[in-house]
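Chain residues, written in single-letter form:
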Amino acid sequence: MGQIILSGVTKRFGDAEVIPPLDLDIEDGEFVVFVGPSGCGKSTLLRLIAGLEDTTAGRITIDGRDATGMPPAKRGLAMVFQSYALYPHMSVRKNIAFPLRMAGASQAEQDRKVEAAAKVLNLTSYLDRRPGQLSGGQRQRVAIGRAIVREPSAFLFDEPLSNLDAALRVGMRMEISELHEKLRTTMIYVTHDQVEAMTMADKIVVLNAGRIEQVGGPLELYRNPRNLFVAGFIGSPKMNFISGPEAQRFGAHTIGIRPEHIGVHPTMGDWRGVVGVSEHLGSDTFFHVHDTGLAPGLTVRAGGEVALRHGDTVFLTPEADKIHRFDQNGQRL
Amino acid sequence: MARAVTPQRKLLNTVLAWAVALLLFFPILWTFLTSFKPEPIAVASPPQFLFFDWTVKNYVDVQNQRNYFDYFWNSVIISLGSTILGLAVAVPAAWSMAFVPGSKTRDLLMWMLSTKMMPAVGVLVPIYLIFKTLGLLDSRIGLTLILTLINLPIIVWMLYTYFKEIPGEILEAARMDGASLMSEILYVLTPMAVPGIASTFLLNVIMAWNEAFWTINLTVTDAAPLTKFISGFSSPQGLFYAKLSAASTMAIAPILIMGWFSQRQLVRGLTFGAVK
Numbered sequence: 001m002g003q004i005i006l007s008g009v010t011k012r013f014g015d016a017e018v019i020p021p022l023d024l025d026i027e028d029g030e031f032v033v034f035v036g037p038s039g040c041g042k043s044t045l046l047r048l049i050a051g052l053e054d055t056t057a058g059r060i061t062i063d064g065r066d067a068t069g070m071p072p073a074k075r076g077l078a079m080v081f082q083s084y085a086l087y088p089h090m091s092v093r094k095n096i097a098f099p100l101r102m103a104g105a106s107q108a109e110q111d112r113k114v115e116a117a118a119k120v121l122n123l124t125s126y127l128d129r130r131p132g133q134l135s136g137g138q139r140q141r142v143a144i145g146r147a148i149v150r151e152p153s154a155f156l157f158d159e160p161l162s163n164l165d166a167a168l169r170v171g172m173r174m175e176i177s178e179l180h181e182k183l184r185t186t187m188i189y190v191t192h193d194q195v196e197a198m199t200m201a202d203k204i205v206v207l208n209a210g211r212i213e214q215v216g217g218p219l220e221l222y223r224n225p226r227n228l229f230v231a232g233f234i235g236s237p238k239m240n241f242i243s244g245p246e247a248q249r250f251g252a253h254t255i256g257i258r259p260e261h262i263g264v265h266p267t268m269g270d271w272r273g274v275v276g277v278s279e280h281l282g283s284d285t286f287f288h289v290h291d292t293g294l295a296p297g298l299t300v301r302a303g304g305e306v307a308l309r310h311g312d313t314v315f316l317t318p319e320a321d322k323i324h325r326f327d328q329n330g331q332r333l
Numbered sequence: 334m335a336r337a338v339t340p341q342r343k344l345l346n347t348v349l350a351w352a353v354a355l356l357l358f359f360p361i362l363w364t365f366l367t368s369f370k371p372e373p374i375a376v377a378s379p380p381q382f383l384f385f386d387w388t389v390k391n392y393v394d395v396q397n398q399r400n401y402f403d404y405f406w407n408s409v410i411i412s413l414g415s416t417i418l419g420l421a422v423a424v425p426a427a428w429s430m431a432f433v434p435g436s437k438t439r440d441l442l443m444w445m446l447s448t449k450m451m452p453a454v455g456v457l458v459p460i461y462l463i464f465k466t467l468g469l470l471d472s473r474i475g476l477t478l479i480l481t482l483i484n485l486p487i488i489v490w491m492l493y494t495y496f497k498e499i500p501g502e503i504l505e506a507a508r509m510d511g512a513s514l515m516s517e518i519l520y521v522l523t524p525m526a527v528p529g530i531a532s533t534f535l536l537n538v539i540m541a542w543n544e545a546f547w548t549i550n551l552t553v554t555d556a557a558p559l560t561k562f563i564s565g566f567s568s569p570q571g572l573f574y575a576k577l578s579a580a581s582t583m584a585i586a587p588i589l590i591m592g593w594f595s596q597r598q599l600v601r602g603l604t605f606g607a608v609k
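Protein chains in written order, with the numbering used here: chain R, 1 to 333; chain H, 334 to 609.
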């Protein structure tokens with residue numbers, strides 16, 4: 001089980017309202033990602049669910065029980081921290097066994113569960129080392145191991161991969177996704193990286209200034225962003241926004257078009273511009289096109305082999321059915 | 334970029350360091366030497382440094398007049414007792430100040446420290462009267478209590494700075510892992526803070542061992558520690574420098590030896606937070 005329901009959950013630090021009243025349902029077994037820019041309240045929301053912060057108002061229900069005032073240990077959740085938060089004075093074995101020891105499990109049970117978790121996470125040969133003798137990725141796995149042995153009703157991840165280098169991050173991302181497939185336990189994952197959100201989530205919760213901007217599957221958010229914020233936040237590189245007469249032509253205050261939905265042609269097209277900086281990624285090339293008279297700059301994705309030089313004149317054509325229209329309040333039309 | 338250190342500069346630094354160390358150590362050395370001099374030579378002018386008739390008579394006389402070990406045990410009991418009692422109070426106090434600070438925590442810490450700024454003699458009369466009323470005069474319990482109280486601000490401050498260095502997330506992890514407050518302090522915080530607690534312990538033992546004002550003023554014989562032992566040789570029959578030196582040497586020797594063996598801990602304790 002691992003159903004979590006937030007109703008009217010509010011958090012204030014003094015006069016500052018970090019999270020205005022918020023409602024959210026998380027179903028059992030879901031992989032939910034909270035994503036948003038830094039300071040949007042996503043970590044605070046996670047800590048409220050964990051019980052590490054007290055709610056100012058509202059109700060948190062975990063598996064049908066009111067958990068609002070419960071201490072963290074009683075909520076049956078496990079958390080993986082950004083800094084790993086391993087106990088530096090204990091061996092890996094003791095770190096993983098710690099929650100079991102606190103729960104009063106027998107030595108035999110502790111050993112059995114630690115061995116099992118170590119096997120899943122490829123830590124068997126490191127069990128007698130101290131955290132200080134492990135690499136970043138291994139430490140992260142120990143932190144996950146410590147969470148697994150509790151057999152929690154939900155896992156909470158607070159930006160667990162931000163201290164790892166890019167290559168390791170991709171590897172760990174896969175490992176966590178595989179772990180979710182294997183355990184089918186509810187996971188709540190906080191990140192500021194929309195790529196992590198898109199690749200891992202069943203359901204993404206986009207947060208901005210403590211408010212939920214949109215909740216939905218990765219592709220739903222990508223295809224039908226509810227407002228300008230979500231449209232700009234989900235997708236990489238960012239969606240291009242154009243306002244003014246060109247937007248009015250489409251009956252909108254602002255239109256949005258993703259870089260991958262604009263065609264590039266050297267001689268003909270709807271919009272004329274000049275090529276600025278190009279980013280060659282091998283498989284793709286991103287061109288920044290200026291002097292279109294529509295927006296300060298437009299980003300366009302082209303194939304890796306398209307060769308355009310700085311200063312070349314190009315013509316751009318948006319795919320008509322991929323244009324997103326927004327009103328003056330930034331809401332989708 | 335590292336500064337280039339020339340051999341001359343290195344030599345100069347070494348000489349200076351030795352000079353400062355000798356200057357600081359000289360009074361102890363002089364006391365030690367004087368304790369082996371016959372009384373007339375101890376006050377001789379010009380002073381004699383090494384070439385005199387070395388004698389242990391002073392030590393024998395001192396021991397005959399007063400039993401050193403009575404005082405020694407009182408010192409041990411009072412300094413260890415007040416340190417352990419102080420730590421028992423200060424660990425939870427520093428925990429709450431470091432990890433769940435309130436809006437007044439800073440002020441509270443400053444206030445605690447400010448009590449050390451007042452001269453002790455300012456409260457001698459009230460404390461003396463309280464001790465008299467409670468029957469604590471010349472008792473080990475009374476001295477242990479007063480030393481605990483006067484050193485408590487320093488213990489709390491030292492532990493507070495140590496605890497501040499421990500990432501709060503580790504304690505939160507323990508909380509998530511099902512640890513109660515007691516388990517959190519016992520199994521996670523304390524083991525991580527052992528170096529800090531050890532140097533606090535050592536420093537406090539030294540401070541309590543050397544504390545002279547309260548130990549001298551609140552004791553007569555039963556609970557008198559080594560500070561009283563020294564002062565006992567400084568007045569009634571005029572000054573006997575050699576005997577006084579012998580008493581002082583006997584009084585400071587144990588703590589000096591302890592300090593010697595725990596140098597590394599002590600230095601770490603004294604400079605903690607200063608260099609990072």
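Where hints are given, some of them may not hold.
To be verified - Here are the simulated distance ranges between beta carbons:
| # | chain 1 | residue 1 | chain 2 | residue 2 | range |
| --- | --- | --- | --- | --- | --- |
| 1 | R | Gly282 | H | Pro500 | 37 to 43 Å |
| 2 | H | Pro500 | R | Gly14 | 22 to 28 Å |
| 3 | H | Arg597 | R | Asp23 | 55 to 61 Å |
| 4 | H | Val393 | R | Gln107 | 24 to 30 Å |
What the hints assert, rightly or not - Which stretches of chain R does chain H cover? Using the computed rule of at least three CB atoms under 8 Å from a CB of chain H, they are:
| # | region |
| --- | --- |
| 5 | 63-77 |
| 6 | 92-103 |
To be clear, the hints were calculated from the coordinates, so they are not data collected in a lab. Backbone N, C-alpha and C fix where the C-beta goes; we use that ideal spot for every residue, glycine too.
Hint by hint, work out which the structure violates, then give me just those numbers in ascending order.
4
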